[in-house]
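Engineer: Letter by letter, the chains look like this.
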Amino acid sequence: MSQRVTIDPVTRIEGHARITVQLDEAGRVEDAHFHVTQVRGFEKFCEGRPFTEMPSLMARICGICPVSHLVASSKACDALLAVRIPPTAVALRRIINLAQVMQSHALSFFYLSAPDLLLGMDADPARRNIFGMLAEHPELARDGIRLRSIGQQIIEMLGGKRIHPAWVVPGGVSEPLTEEKRERMLAMLPEARDITLRALAWFKGVLSRYEQEIASFANFPSLFMALVNDANELEHYDGSWRIVTSDGSVVAERLDPLRYQTFIEEQVENWTYLKSPYYKPLGRQEGMYRVGPLARLLVSERCGTPEADSEREEFFATYGEARTSSFFYHYARLIEILYASERMQMLLRDPDILSPRVRAHAEPNQLEGIGVAEAPRGTLIHHYTIDEHGLIRSANLIIATGHNNLAMNRGVLQVAQHFIKDAHITDGMLNRLEAVIRAFDPCLSCSTHALGEMPLHLQVFDAGGAVVDERVR
Amino acid sequence: MSVSAKRRPLIIGIGNPLCGDDGLGWTIAEQLARDYDGDCDLLTVHQLTPELAQEMAPATLVVLIDASREGEPGEFRVCSLSLSALPGPLGAHHMAPEELVALAAAVYGSCPPVVIASMTGADFSMGEHLSPIVARCIPLAISALVLQLREIA
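Residue numbers (my numbering), protein chains in the order written: chain A, 1 to 473; chain B, 474 to 626.
One or more of the hints may lead you astray.
Here are the simulated distance ranges between beta carbons [stated by the list, open to error]:
1) Q261(A) to P612(B): 54 to 60 Å
2) A617(B) to E156(A): 27 to 33 Å
3) R507(B) to R198(A): 37 to 43 Å
If you want the footprint, here are the derived chain A segments under chain B, 3+ residues with CB under 8 Å [to be verified]:
4) 78–85
5) 145–155
Calculated from the structure, these hints are not laboratory results.
Note that beta-carbon positions come from the ideal geometry of N, C-alpha and C, so glycine has one too.
With the hints as constraints, model all of the structure from the sequences given.
Structural biologist: See the structure below:
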């Protein structure tokens with residue numbers, strides 16, 4: 001009798017999703033899927049709106065990473081204006097994007113995943129939260145709150161508010177940076193660096209407990225894709241795409257993001273609202289790729305800042321071939337936070353950062369614009385066409401979570417096959433199925449007002465569709 | 474860890490000002506901060522999130538102002554939060570006031586008294602305007618909160 005296991009909704013992720021695991025008659029895992037069960041419609045309802053509204057509209061896609069959408073959307077609008085924005089505006093956009101990386105990664109690591117890492121995948125779910133962390137390791141919990149707060153404060157100082165700032169605009173940014181704000185930001189960043197180094201030291205110390213998870217959390221060959229700069233260093237704002245295999249071989253480089261449609265195909269599945277992009281030249285199977293912090297570390301040759309580079313080298317030296325396990329997204333997040341704190345300091349110390357010339361003004365000069373940036377979770381693409389009046393005719397968005405869709409699904413299957421040996425499902429097994437998804441930190445649209453009360457609902461179906469076992473936590 | 478050393482009341486308006494009366498918490502909080510004659514800090518947020526614990530801990534009093542769907546439109550209620558409430562599992566997007574108080578006390582060693590003020594909304598549909606009945610009731614609510622602040626702070 002074949003059975004199906006359903007986890008609905010998946011908890012501690014950004015949005016709503018469901019996992020189903022299909023067992024065969026012997027109770028072995030036959031297949032598994034990660035379903036995204038909500039449809040948002042942003043690409044459709046912005047049609048007919050003035051293109052100048054797009055950054056603010058698109059920022060509403062997400063309450064966790066609105067800045068990433070703001071940046072990618074504004075870059076697409078820069079292309080519609082056909083302007084080259086002032087260098088200071090580029091630097092300021094880089095800073096707010098890195099602050100976004102810092103606060104988003106802090107949320108993912110400290111709030112969503114650290115309870116599993118600190119208390120164990122099999123710990124009582126009632127304790128597997130920040131209060132459990134406080135009891136076990138109060139400094140780690142305090143550090144998480146503080147680190148996220150630093151990222152948010154920098155966003156607020158630049159953008160005027162923590163969520164949905166409107167400071168990044170087509171042509172640049174709306175206001176220059178003041179000396180007073182620069183000094184306040186510079187004063188906070190050493191603390192962010194210290195917190196991150198403490199978290200890295202702690203994380204490296206507990207990794208030996210997670211050999212099984214390292215082995216089974218989406219640990220398979222795939223492509224990895226990210227932006228890099230001309231020196232093949234980490235790049236979050238500009239640059240070109242580079243694609244490597246799990247063993248580090250370069251598949252493609254210097255790919256122009258503006259030509260993404262020539263090498264990215266988007267496949268639609270009938271069991272999820274999330275599209276499944278893949279690298280077109282290699283086809284759906286071989287062309288599956290991963291994006292995000294781990295991909296950025298693997299694709300680049302260096303971070304480009306001293307302390308992050310030192311941590312990156314240690315990571316590569318310690319974990320060798322295992323480094324492509326998606327469990328290491330957590331590790332990569334911490335290294336990227338360190339990079340962000342170093343890089344923001346470099347950018348803020350440049351005297352030109354206070355230049356008053358931060359915006360180029362123009363009317364639309366092109367009817368098509370593409371904006372690409374690295375969001376916390378990976379490469380983000382905004383592609384708009386407009387009519388002669390500047391009204392949006394079409395919008396296509398490929399978000400990081402979409403890029404990772406094929407790999408997340410394969411990861412769920414791998415974890416299910418590793419941990420579920422018969423029809424008996426334990427809480428620890430359920431948590432690992434969610435945790436492999438959490439490692440990717442998918443953002444399924446947090447702006448739809450999830451109330452934070454997302455019970456885990458498990459149902460086991462027999463071949464006839466009848467529920468033979470059910471649990472809610 | 475740097476918690477501000479300032480010691481004054483903190484007013485937090487909660488809601489989404491793009492959803493009609495859901496934004497009444499922001500409106501009341503902003504007006505209250507202007508009308509209150511003592512020093513106070515003001516925050517307007519969409520939801521309660523863990524980082525707010527850091528802002529709450531050093532305050533002398535925290536006033537949380539939110540819209541409600543319960544009761545008659547315009548109905549205004551003020552109550553003190555029971556600090557004995559036990560925290561539940563933590564969400565990254567949203568916390569209950571009790572959880573936030575428990576978090577502030579656990580992380581920073583203390584949490585000031587917390588007052589929850591809520592007004593029942595009439596229209597939560599898309600739009601940046603408050604419904605007429607809520608708009609009419611807000612001045613009285615602010616006067617009541619100013620008195621309360623003077624009394625407690």
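Engineer: Test coverage of the region 145–155 of chain A by chain B using CB-CB distances below 8 Å; three residues minimum.
Structural biologist: holds (count 5)
Engineer: Verify the coverage statement for the region 78–85 of chain A against chain B, using a C-beta to C-beta distance below 8 Å and requiring 3 or more qualifying residues.
Structural biologist: Result for this restraint: violated, n = 0.
Engineer: Within 54 to 60 Å: is that where the Cβ-Cβ distance between Q261(A) and P612(B) falls?
Structural biologist: holds, 56 Å
Engineer: With 37 to 43 Å as the target window, see if R507(B) and R198(A) comply at their CB atoms.
Structural biologist: holds, 41 Å
Engineer: Does the hinted range 27 to 33 Å hold for A617(B) and E156(A) at CB?
Structural biologist: For E156(A) against A617(B), whose Cβ atoms are near 30 Å apart, the range 27 to 33 Å holds.
Consistency note: the structure conflicts with earlier hint 4 alone.
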